[in-house]
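A.B. asks: As given, the protein sequences belong to chains A and B, one line each in that order.
Here the first sequence is numbered in the numbering used here, starting from 1 and rising by one per residue.
Here the second sequence is numbered in the numbering used here, starting from 1 and rising by one per residue.
Each hint should be verified, as a subset may be incorrect.
As the list claims (entries may be wrong) - Okay, the calculated beta carbon distance ranges per label pair:
#1 B:Asp-185 / A:Asp-79: 50 to 60 Å
#2 A:Ser-331 / B:Glu-24: 36 to 46 Å
#3 B:Ala-162 / A:Tyr-23: 40 to 50 Å
#4 A:Ser-383 / B:Val-23: 49 to 59 Å
To be clear, the hints were calculated from the coordinates, so they are not data collected in a lab.
Where a beta carbon is used, it is the ideal one built from N, C-alpha and C, also for glycine.
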Amino acid sequence: MIYHITDNMAEAIALKDIPEVDYAALYNDLKERLQDERYHVAHYFATPDGTRLKFYMILLDDHEHKMMLSSFAMDYYEDVALPSLTALHPALHPFEREITELYNVEFDSMPWNKPLRFPFNRRNRNSTMDNYPFYTIEGETLHEVNVGPIHAGIIEPGAFRFVCNGESVLHLEIALGYQHRGAEHEFSSTTNRLRQTLLAEGIAGDSAVSHATAYSSVVEKLAHKPASEALWIERTVALELERMAMHIADTGALSMDVAYQLGQVACEALRTMTINTTQAWCGNRFGKGLIRPCGTNKPLTTEKVAMIRTNVAEIRRRYNEVVEDIKSSPSLLARFEQCGIVPKAEMQRIGGVGMAARASGVKRDIRTSHPYAAYASQIQHESIVKRHGDVMARLTMRCSEVLQSADYIEQLLATYTPTDIARPDYEVPMAAESLAFSLIEGWRGEICHVATTNAQGEIATYKIKDPSLHNWLALAIAVRGEGISDFPICNKSFNLSYCGHDL
Amino acid sequence: MIFPKLKVLKSHGWQYIPDLNAVELTEEFRGRPVLTTTDDMSDVEEAAKICPTQAITAAPFTLDLGRCLFCGECALRAAKNIRFTNDYKIGSTSREALIVKPGDESIAFCAEQVREEIPALFSRALKLRQVSAGGDASVEMELNATGNVNFDFGRYGVEFVASPRHADGVVVTGPISSNMAEALDICYNSVPDPKIVIVCGSEACSGGLYADSRAVDRRFLERYKVDLWLPGAPTHPMTFIDGVMNMLKLKTR
Ligand code: SF4
C-alpha cells in the first residue's frame with residue numbers, strides 16, 4: 001500500500017507510519033487516479049530531512065471521506081528531474097512550482113515552470129519580481145496592458161498583465177509574491193504558540209477565523225486533545241459569521257462595480273452589522289482573538305447568544321431583500337450573466353476549490369466531503385452547487401450561502417446553552433516526529449494547514465494552503481475573451497487573497 | 001422594478017453616524033491599555049515572556065502599542081497590571097507616544113509636531129494613496145470602511161484616490177515586504193510635494209510578527225519622515241478618523 005489512510009478528524013500520525021515510496025510508484029498511481037474527480041491533492045510539499053529532501057503528498061478522496069498520505073525522498077543535492085505531474089494534471093502546478101522555487105528540484109516537461117511567489121529563501125537569487133517571465137503574444141493588432149502591483153483601490157498588491165486584441169482580453173497572467181512575508185518560516189522559528197496563533201490569524205486577515213481554526217486544530221491533533229463539542233459549536237458559529245461577512249462584502253463590491261449604489265450601501269451597512277456582531281462577541285471585527293488552541297478566552301454567554309441570534313436574523317432578512325432586488329433588476333443581470341465564465345471541465349482541470357468551484361458545478365466543499373466541527377455532528381450540510389460558472393453564478397452562490405450560514409447559526413444557537421469551556425493552552429505537549437493536518441472550508445474554499453514536529457515535539461515544518469493558491473488561475477481563465485472593462489467584476493466575483501497566496 | 005428597491009431602502013434607513021466625535025465602541029473592544037504597577041510584578045514578567053511581539057517590558061513597565069497586536073493575552077495573565085479599555089484614540093504623530101506607561105490616561109497626540117503646512121493645506125480636502133506592503137487585508141478593509149455609508153469620512157474631504165499624482169500623501173499598511181519595497185518607494189516619489197506619510201496598523205508601525213523576518217525591508221521608514229502612527233490589528237476606522245482629524249487640526253483629542 002502506498003498510502004496511509006486517515007480522515008479529517010483523526011489525530012496526528014507518526015512520521016514513520018507514512019509510507020515512503022518511490023516517486024515512480026506515486027507518479028504512476030496519481031497519473032490514473034487524478035483522472036477521477038473524486039480525488040484531488042490538498043497539499044504536496046517538500047521539506048529538508050537531514051541530508052535528504054522529503055516530499056509529502058496529501059490526497060483527498062471526496063467519496064469515501066478519506067485522506068491518503070504518502071511520501072518519497074531524494075538526496076538534497078540529487079541532480080535528477082522528476083517527471084512532472086502538472087503535465088498530466090494542471091491542478092498540481094502551484095505545488096511543483098513551489099518545490100522548484102525553494103529547492104531547485106526540476107520537473108521534466110513541466111509546462112508552466114514559473115516562479116510562484118519569490119520567497120526570501122528561494123534558490124535562484126537572480127529570479128526577482130522585476131524579471132517575472134510574462135507570457136507574450138506577438139502581433140500587429142495586439143497590445144499589452146499592465147496593472148499593478150499597486151491597484152486603484154485600497155487592496156493588496158499583485159501584477160496583472162493583459163494581452164488584448166482591441167478591447168477583448170486574449171490572455172491574462174497574474175504575477176504574485178509582493179505580499180510575501182515569510183509566514184511559514186516564522187511558524188517554525190518560534191515555539192511560542194500564542195505567536196503562532198497570531199501568525200495564523202494574519203495569513204489572510206479576511207479569513208482570520210478560518211486560518212486560526214486550522215492552526216488550532218493542528219495543535220489539538222498533535223497534542224491528542226480533541227476540542228470539546230461545545231468548543232466546536234462556537235467555532236462553527238464564528239466560521240459561519242465570517243462567511244456571511246465576506247459574502248455580504250463581496251455582494252456590495254460587485255454592486256459598486258456596476259454602479260448599483262443601493263446594493264452597495266445596503267451591503268456595506270449589513271457587513272458592518274455582521275462584523276460588529278463578531279466584535280461584540282470577541283472585541284475584534286475580524287474575529288482575531290476568538291480562536292485559540294485547546295480552548296477559548298471568549299466563551300459565549302447567554303446574552304451574547306441572544307445578541308448574535310437577533311443580529312443574524314435581522315441581517316438575513318435585510319440581505320434577502322437586496323438579493324430579491326438584484327434578481328428583479330434586468331440591468332444588473334445583463335452585466336453579471338454570461339460574463340467571466342469558467343466551464344466545469346476547466347475548473348476541474350485547474351483544480352479550483354471552494355465557492356468558485358461550486359459556482360462552476362464542481363462540488364468541492366470540505367464541510368461535506370471531510371466534515372469537522374459541527375458539520376460532523378449537528379449540521380447536515382448540503383453544499384450549494386451552481387452550474388453556469390459566470391459572475392452571476394458566483395454572486396448567487398454568495399447570496400445562497402449567506403442565507404444558509406444564517407440558518408446554521410440560528411440552528412446551532414437555538415439549542416445551545418453556554419457551558420464551561422477550557423481556557424486556551426499554549427504549552428500542551430505535542431507528539432514528537434509526527435505530522436498533523438487540518439482542512440477547513442473557509443468562505444473562499446479549502447484551507448489546509450500541515451505541521452510536522454521534531455524530536456522535541458515542536459513544529460519543524462509548517463505548510464499553509466489558502467484556497468487562493470488554486471483559484472487565481474481560475475480568474476485568469478475567466479477573463480479570456482471578455483472585454484477588459486469587465487475585469488473588475490470578474491475579479492471581485494472571486495475576491496482572492498494575495499497574502500494568503502504569497503504567505 | 002421599483003418595489004424591491006423601496007423595500008431595501010426602507011430597511012436600510014439611516015446608517016450614517018451623525019457625529020463622529022461622539023462614537024463609543026463596544027466594551028469588548030481592545031483599545032488603549034491602562035497599566036498599573038504593583039509590588040509583585042511577576043505576572044507582568046510572565047506576560048512579557050508570552051507577548052508574541054515583545055511589546056511589553058517589565059522594568060521599567062511599558063507597553064508599546066506600535067508593537068501590540070491587541071490579542072489581550074497579557075491582560076489575562078496580569079489582570080492586576082494590564083487592562084484594555086475601549087478607547088480607540090491611540091494614534092500619534094510621535095512613535096514614542098505609543099509607548100504606554102503606568103498611570104497614562106490617554107495617548108498624547110503631540111499636535112505640536114505636526115508640520116504647519118499640513119492643516120493649512122489639507123484641512124478641507126485630503127486625498128490619500130494607500131499602499132499595502134504585506135498587509136493582511138484586514139487593515140485595508142478597515143481603511144475602505146472609513147469611506148463607507150456608516151463612517152463616511154468623505155464628509156470632511158478625506159478620501160482615497162487611485163493615482164499617487166492626485167494624492168497628498170501615502171498610507172502604508174503591512175510590515176513592508178521586500179518584494180513591495182521598491183513599488184512603495186516609487187509610489188511615494190510620485191506624490192507631489194508637500195506630502196504626508198501615514199503608517200497604519202501595528203504591523204506597519206513596527207513590523208509586528210514579521211519585525212525580524214528576512215522577507216521584509218523597512219528602510220522606507222528610515223528614508224522618510226512619518227507624520228502619523230496608527231496602531232491596531234487592524235486599525236479601527238475610528239482610530240484612523242480620530243488620528244487624521246487631529247493631524248488636520250479639525251479636533252484636539
Ligand atoms: S495584547 Fe499586545 S502586549 Fe498584550 S500580549 Fe497581546 S500583543 Fe502583547
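A.B. asks: For which of the previously enumerated hints does the structure constitute a violation, in increasing order of number?
C.D. replies: Numbers 1 and 4 - these are the hints that the structure violates, sorted from lowest upward.
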